[in-house]
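Q: One-letter residues, chain by chain:
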Amino acid sequence: MVEVSGVTKVYPGEPPVTALRDVSFKIYPGELVGIVGPSGSGKTTMLHLMGTLDQPTSGRVIIDGHDASVLPDRQLSALRAGRVGFVFQQFFLAEHQCVIDNVADGMLYAGAPLKMRRSAAAGALTRVGLRDKLHVLPTKLSGGQRQRVAIARALVGRPSIVLADEPTGNLDSATGTSVLALLAELNASGATIVVITHDLHVASFTQRTIEILDGVIVRDAPSRS
Amino acid sequence: MNRALVPARLRVLDVMRLSSVGIRTRKLRAGLSALGIALGVGSIVAVLGLSASSQAGLLAEINKLGTNLLTVTNGQTIFGQAAELPITAPGMLGRIGPVTDVQYTGDVPGANAFKNPFIPSSNTNALTVAASSLGLPRVLGTSLASGVYLNAATATEPVAVLGAAAAQRLGVDRVFAGERIWVGNMWFYLAGVLKPAPLAPEIDASVLVGFQAAQKYLGFDGHPSEIYLRAATDQVSAVQAVLAATANPEQPSQVDVSQPSDALVAEADAKAALNSLFLGLGAVSLIVGAVGVANIMVISVLERRSEIGLRRALGATKGQVRLQFMAEALLLSLLGGALGVGAGAVSTAVYASTKGWQTVVPPLAWAGGFGAAIVIGAIAGLMPALRAARLSPTQALWSV
Numbered sequence: 001m002v003e004v005s006g007v008t009k010v011y012p013g014e015p016p017v018t019a020l021r022d023v024s025f026k027i028y029p030g031e032l033v034g035i036v037g038p039s040g041s042g043k044t045t046m047l048h049l050m051g052t053l054d055q056p057t058s059g060r061v062i063i064d065g066h067d068a069s070v071l072p073d074r075q076l077s078a079l080r081a082g083r084v085g086f087v088f089q090q091f092f093l094a095e096h097q098c099v100i101d102n103v104a105d106g107m108l109y110a111g112a113p114l115k116m117r118r119s120a121a122a123g124a125l126t127r128v129g130l131r132d133k134l135h136v137l138p139t140k141l142s143g144g145q146r147q148r149v150a151i152a153r154a155l156v157g158r159p160s161i162v163l164a165d166e167p168t169g170n171l172d173s174a175t176g177t178s179v180l181a182l183l184a185e186l187n188a189s190g191a192t193i194v195v196i197t198h199d200l201h202v203a204s205f206t207q208r209t210i211e212i213l214d215g216v217i218v219r220d221a222p223s224r225s
Numbered sequence: 001m002n003r004a005l006v007p008a009r010l011r012v013l014d015v016m017r018l019s020s021v022g023i024r025t026r027k028l029r030a031g032l033s034a035l036g037i038a039l040g041v042g043s044i045v046a047v048l049g050l051s052a053s054s055q056a057g058l059l060a061e062i063n064k065l066g067t068n069l070l071t072v073t074n075g076q077t078i079f080g081q082a083a084e085l086p087i088t089a090p091g092m093l094g095r096i097g098p099v100t101d102v103q104y105t106g107d108v109p110g111a112n113a114f115k116n117p118f119i120p121s122s123n124t125n126a127l128t129v130a131a132s133s134l135g136l137p138r139v140l141g142t143s144l145a146s147g148v149y150l151n152a153a154t155a156t157e158p159v160a161v162l163g164a165a166a167a168q169r170l171g172v173d174r175v176f177a178g179e180r181i182w183v184g185n186m187w188f189y190l191a192g193v194l195k196p197a198p199l200a201p202e203i204d205a206s207v208l209v210g211f212q213a214a215q216k217y218l219g220f221d222g223h224p225s226e227i228y229l230r231a232a233t234d235q236v237s238a239v240q241a242v243l244a245a246t247a248n249p250e251q252p253s254q255v256d257v258s259q260p261s262d263a264l265v266a267e268a269d270a271k272a273a274l275n276s277l278f279l280g281l282g283a284v285s286l287i288v289g290a291v292g293v294a295n296i297m298v299i300s301v302l303e304r305r306s307e308i309g310l311r312r313a314l315g316a317t318k319g320q321v322r323l324q325f326m327a328e329a330l331l332l333s334l335l336g337g338a339l340g341v342g343a344g345a346v347s348t349a350v351y352a353s354t355k356g357w358q359t360v361v362p363p364l365a366w367a368g369g370f371g372a373a374i375v376i377g378a379i380a381g382l383m384p385a386l387r388a389a390r391l392s393p394t395q396a397l398w399s400v
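One line per chain: the protein sequences are A and B, in this order.
Residue 183 in the numbering used here sits at position 183 of the first sequence, with consecutive numbering throughout.
Residue 382 in the numbering used here sits at position 382 of the second sequence, with consecutive numbering throughout.
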């Protein structure tokens with residue numbers, strides 16, 4: 001499903017910064033994986049590379065059989081549109097659009113007509129428990145609800161993989177826990193989810209934890225529970 | 001699994017929705033930058049519309065006065081002196097088939113008109129004293145502002161009628177019984193004052209007396225100097241061709257023939273030429289509007305980095321981001337353009353109605369206004385859109 005093999009990422013500059021050093025792992029369909037590390041460990045770079053938002057200096061990132069490290073920008077965009085869903089710490093919701101249209105925009109670049117996008121969005125919002133908030137503006141929602149909207153947007157196109165970047169970073173711990181519980185629940189119903197976080201607490205919700213430190217994987221094992 | 005990856009095309013409806021995102025979220029700012037375009041387009045449309053309307057008004061006036069008036073005047077001899085028209089000329093011209101009406105005046109040389117005998121003789125007010133036939137107002141398409149015109153009785157007596165400008169210069173605003181002016185060396189009683197005659201402006205500055213009176217009191221020789229005639233409208237050019245030879249068979253070259261409505265049409269065209277200055281001013285404000293739109297779009301791209309990053313993460317290609325911002329700039333200037341065309345047309349209509357003209361907004365004006373708005377939107381939007389598309393998704397997402 002997602003295969004990272006021998007990936008090194010060096011950011012040019014004086015001196016050059018090596019964010020990741022020869023990292024390899026695989027994520028299989030249906031997994032819920034936590035990538036955990038302190039800030040500066042290279043986990044955000046990992047998210048960029050797995051989400052095809054950036055390309056590795058060397059090594060390969062293969063998503064659904066497509067080698068993202070050799071594809072041109074247009075094809076990477078198409079790959080993201082169809083197969084990768086993102087959840088961000090800051091939610092990134094459009095404030096002037098009601099919840100259902102925010103979620104529907106998750107499929108905008110996949111080419112579905114508006115009607116179809118909206119009905120898929122309604123379905124996704126039902127899955128995250130916001131069925132009664134379809135026509136509310138995001139500004140009227142609590143932080144936890146907003147993150148649920150963002151999760152629905154990531155899921156709406158039924159991507160091969162959902163990448164969640166610090167999904168609980170802007171939430172209090174109780175709300176954060178409920179969001180993690182939601183991700184676990186969605187995983188149980190078939191979604192492949194990678195949660196990238198510095199919060200070791202997340203590990204209690206994932207089946208597998210990859211710990212990164214200074215650009216190297218220091219541990220890749222089933223979560224201790 | 002290894003299907004080729006082809007980005008989906010955005011639907012037209014989706015592009016339209018995307019293009020209005022910035023405008024819906026920042027209404028005041030979008031409104032102000034559209035206003036810049038609107039002012040430019042509006043002033044261009046108004047300038048073109050007003051000139052077309054005033055031209056239409058002038059042409060309508062000309063049509064009302066009739067284009068079938070022809071003027072025959074005495075020309076010059078080959079030695080450069082004023083030639084004379086034969087006394088028989090009006091009668092001969094009247095016998096041309098399609099000619100329906102002939103009237104004439106004769107300048108009385110050496111005669112001047114004054115309010116009273118105490119005015120210094122050098123203050124002539126540039127007035128002409130002329131003998132006139134009795135149906136002159138009818139053939140010129142004018143009428144009397146007050147009083148009556150010369151008739152068979154008054155034409156033999158010291159009685160005068162004033163042209164519109166002549167009345168003004170002599171300080172006559174109404175005619176009352178016994179009112180007199182000093183013409184030549186004697187009192188002439190005032191019979192009436194004419195309204196302006198646009199087809200024969202020389203009449204406006206004239207003091208008109210009867211032919212017999214002019215001969216009797218002012219030493220006039222009886223030769224007409226201007227002959228005004230109306231011809232059947234479809235025969236005007238044919239009549240014009242034979243006028244000189246008919247008026248003065250011996251010296252046709254000493255006769256000038258003209259069609260006064262031609263001069264007015266030329267005047268209407270000349271008015272349009274003045275517009276280039278105003279059009280230039282409109283173009284300048286249009287450019288200022290374009291700079292405004294470009295400015296707004298640049299700021300918008302900076303402010304909306306995270307939105308751009310999100311869209312890239314959702315799968316938008318560079319081209320789709322570029323398209324969104326281009327479309328937004330185009331929409332802004334189209335809104336401005338529509339507003340401007342509307343405002344220009346309305347101001348034209350309002351001004352034209354106060355002047356009693358027909359409202360004319362030429363297609364060149366509104367099509368050109370829209371066209372200019374589109375071109376300007378494209379130019380103003382291009383650079384910001386390219387910048388938006390060049391943003392790398394990671395930079396865009398994590399710079400906030």
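Keep in mind the hints are simulated off the structure, nothing from the lab.
Treat the hints with care, as some may be off.
[Claimed, not checked] Here are the simulated lysine-lysine pairs, DSBU-like style, with alpha carbons at most 30 Å apart:
#, chain 1, residue 1, chain 2, residue 2
1, A, K140, B, K355
2, B, K216, B, K195
3, B, K216, B, K64
4, B, K355, B, K195
5, B, K318, B, K216
6, B, K355, A, K133
7, B, K27, A, K115
8, A, K140, A, K115
9, A, K133, A, K115
10, B, K115, A, K115
11, B, K27, B, K115
12, B, K318, B, K27
Q: Broken hints, numbered, in rising order?
A: 1, 3, 5, 6, 10 and 11
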